[in-house]
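2 protein chains.
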Amino acid sequence: MANNKKMVEAITGRDEDFAKWYTDIVKKAELIDYSSVKGCMVFRPYGYAIWENIQADMDKRFKKTGVENVYMPMFIPESLLQREKDHVEGFAPECAWVTVGGQEKLAERLCVRPTSETLFCEHYKKVVETYRDLPKLYNQWCSVVRWEKTTRPFLRNSEFLWQEGHTIHETAEQAKEETLQMLKVYEDFYRDTLAIPAVVGRKTEKEKFAGAEITYTIEPMMHNGVALQGGTSHYFGDGFAKSFDIKFQGRDNKLHYPHQTSWGVSTRMIGAIIMVHGDDDGLVLPPKISPIQVVILPIAMHKEGVLEKANELKASLEDKFRVKLDDSDHAPGWKFAEYEMKGVPVRVEIGPKDIEKGQCVVVRRDTREKIFTPIENLSETIEKTLQEIHDAMYERALKNMQEKTHVALTHDEFLQLGKEQGGFIKAMWCGDSECEDILKDETGGVKSRCIPFEEEHLSDVCVCCGKPAKHMVYWGKQY
Amino acid sequence: MANNKKMVEAITGRDEDFAKWYTDIVKKAELIDYSSVKGCMVFRPYGYAIWENIQADMDKRFKKTGVENVYMPMFIPESLLQREKDHVEGFAPECAWVTVGGQEKLAERLCVRPTSETLFCEHYKKVVETYRDLPKLYNQWCSVVRWEKTTRPFLRNSEFLWQEGHTIHETAEQAKEETLQMLKVYEDFYRDTLAIPAVVGRKTEKEKFAGAEITYTIEPMMHNGVALQGGTSHYFGDGFAKSFDIKFQGRDNKLHYPHQTSWGVSTRMIGAIIMVHGDDDGLVLPPKISPIQVVILPIAMHKEGVLEKANELKASLEDKFRVKLDDSDHAPGWKFAEYEMKGVPVRVEIGPKDIEKGQCVVVRRDTREKIFTPIENLSETIEKTLQEIHDAMYERALKNMQEKTHVALTHDEFLQLGKEQGGFIKAMWCGDSECEDILKDETGGVKSRCIPFEEEHLSDVCVCCGKPAKHMVYWGKQY
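Line by line, the protein sequences give chains A and B. Per the numbering used here, the first sequence starts with residue 236, numbered consecutively. Per the numbering used here, the second sequence starts with residue 236, numbered consecutively.
Treat the hints as calculated values from the structure; they're not laboratory data. Wrong hints could be hidden among the right ones.
No copy is singled out in the list; a pair is fine if it fits within one copy or between any two copies.
Taking lysine-lysine pairs in the BS3-like style, the calculated list, with each CA pair at most 27 Å apart, reads [as the list claims (entries may be wrong)]: (1) K262 / K361; (2) K705 / K273; (3) K523 / K295; (4) K371 / K273.
Between the sequences and the hints, there should be enough to build the whole structure, so can you do that?
Below is the structure:
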């Protein structure tokens, strides 16, 4: 059997070969399968269930702020994409183009959406007439396509799943507020749902989104010290409105350009979950999005009463938790390894001796700690344990991020840290993108991650050129 | 303001011009906007919220039968699509083709999925090894593209949203059972959630899905007597397995071909909701999927205590129902018309006099019946009223379907009914598809809808050719 074979080979050690360890988990936890189109993945049931749980949680957070879901077409006519100059320059090189529809060559080729700003603008132009129609706070969950040369499961797919919020406002202030509010939603979600700490802040001019005035970003650090751009929130000013000629009648009865934002996170988040929390035995899933929160494993299943008791436990827990009882005839050792690989936060073992004593054993995935608990307290124990797991996962990730964050005061320090240490580097910067280019070249890929909201004053001069410093910046390599 | 203008013009009468009435509702209830790509629609918040409610309800029904959700790539390489002969013949003529990715012409062109049988087969070939891996019961929610010449909102879009279930089984019996089970899920959903009655049964050879051995269908009737193919469930036998070389090791240790099914419903269902239930004032939404179930309208809003009371009512209802309080400064008459257009099942009016008497007024969208109810009973009254609305909507639709279903015993009767009456025709049939062609030509479009599970014996001979009859068939024109 496929499954049995699988569990015999162990996966690559995390500290031995991080990239191979990652790919092993993606495959052996049955998250993804490759398809015959390069860079396009099959999200298998376990991988997709993680995404469904992420969606459900995040969608509630969006709707609480007044956001409504919509669905835009997946095709963008080339002329529509070209309406905003910076935007098209950023995206046209990696578009997939439909040129034939039915049996006929199309008069104008259609891009499969890489992002949908242009479609939202086209729609807003039609439905926004006066200030009373503002704001519109729209979001869509969909897939987008970016024709990537090198692809990696979850991290860089030619097609991936995401949400893209697009809002339009009466004033610049309201749009800026929305941009920051959604960044905050992402930050809360990463911390409270995914147990992932991150640095947040503003992107430099060089790194911001094509067409944006300001791009905010959330940057979690993977276990190996590499950053992942975990989500972005863009303020567009009235640039798109001008390109698409969207105007509204203001409170002063005059015509004005509205102000826009967009913000998005994608299935890369699943990559972050793997690389922040996973260990040598596989996935370690944050309890709040784990497809299975509790797996019940009956021990000595053939003995009288064991399976009945296991079913009883399941029935008593499943109103409150996502529970699976595995009563298959695999050996307990196989099952232990299987659910560890799949990152299930809590395993409950119940055997004849436990039943005699009126107890069962709760085992934590993250620490392997065994907790003996009276059966009548099981539900409370699990609830408490899931919260403790969440908190401990966050703390471990935070500690890792802190340990791998270093200060560089001089150019030499920066180069040494960038080449040898990995992780985040905090360093002062003059504001010139040329210095970003130089530092990137010299270190083989260290880029500015963000200018945090609260900057420390590390020194007076740019770590690269020695001119007066304008900002403290987080730097690091990225996926 | 756009909204004010809108409510002044009435919509076209339903019995005056059904097609125009339909388009008016789609637009004025703000369900859909057109995009610049022909046949691709924008699902606006109100239209998309209906789809979200449909998804949530249906997804629960699927999962209860053991179905798991997945996500397959949106692109199908041309060679993969061509693996099953009948299938490619059915779909290739209406595919959209990606021929350029990034800056380069692709070596092989990619079809934007019109349906995903081929992708599921490619995946199943990799993950199915023995009978222990069966069944796989997968479903995906996604959009698909079919390059249609003539398009109509919801009914025939170039891109539409749907779910497609794809399952693979050890035996033919299990696959057939699954096919029927999912048809039953659709039938239950139409009846219990959408309040829509329908005829169900098997498609004739001529009308079945490209590549299927058996196609089952659910066929509701619109108010004007025209049928809509509301959902289909296909049994493939081992045809796809053979084309894709999918084999599994059976209980007898020999290799066998598995048996497959697929089944789907789409956003056309929203078209059915409009055309089955709507009236001259707009949408009439089934309570279970209505984005707003209860709208609270304060009367004489400026009077002391009215708004407070309205907010109190809202707070007391929103745990149980989807509630909106409209405290905008539009006139009550405008609001009445607006929420009637949007098909909100129940409107609650509360004014100073009502407050004095400790009562409020509950108004049904479907019948306009006014129910005066003590405020302390409001929640119970609404719950009861929503159920009564659902039941009454179903009964009205059933009555319409019954009144517009006729028996044809002779060729002449068939032609007369087909040309003059519309609706369903019940008539005997010899089993020959040539007779289907003849009847379609003679009547300007009447086709076989299905062979119902319980056939009546109307006569001994085919209504077309007079040869011995094999089946009783439902016939009718379709969208």
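To see whether the hints hold, each was checked on the structure:
{"no.": "1", "hint": "K262 / K361", "verdict": "between (46 Å within a copy, 12 Å between copies)"}
{"no.": "2", "hint": "K705 / K273", "verdict": "neither (43 Å within a copy, 50 Å between copies)"}
{"no.": "3", "hint": "K523 / K295", "verdict": "both (14 Å within a copy, 20 Å between copies)"}
{"no.": "4", "hint": "K371 / K273", "verdict": "between (37 Å within a copy, 25 Å between copies)"}
Comparing the model with each earlier hint shows a violation of hint 2 alone; every other hint is respected.
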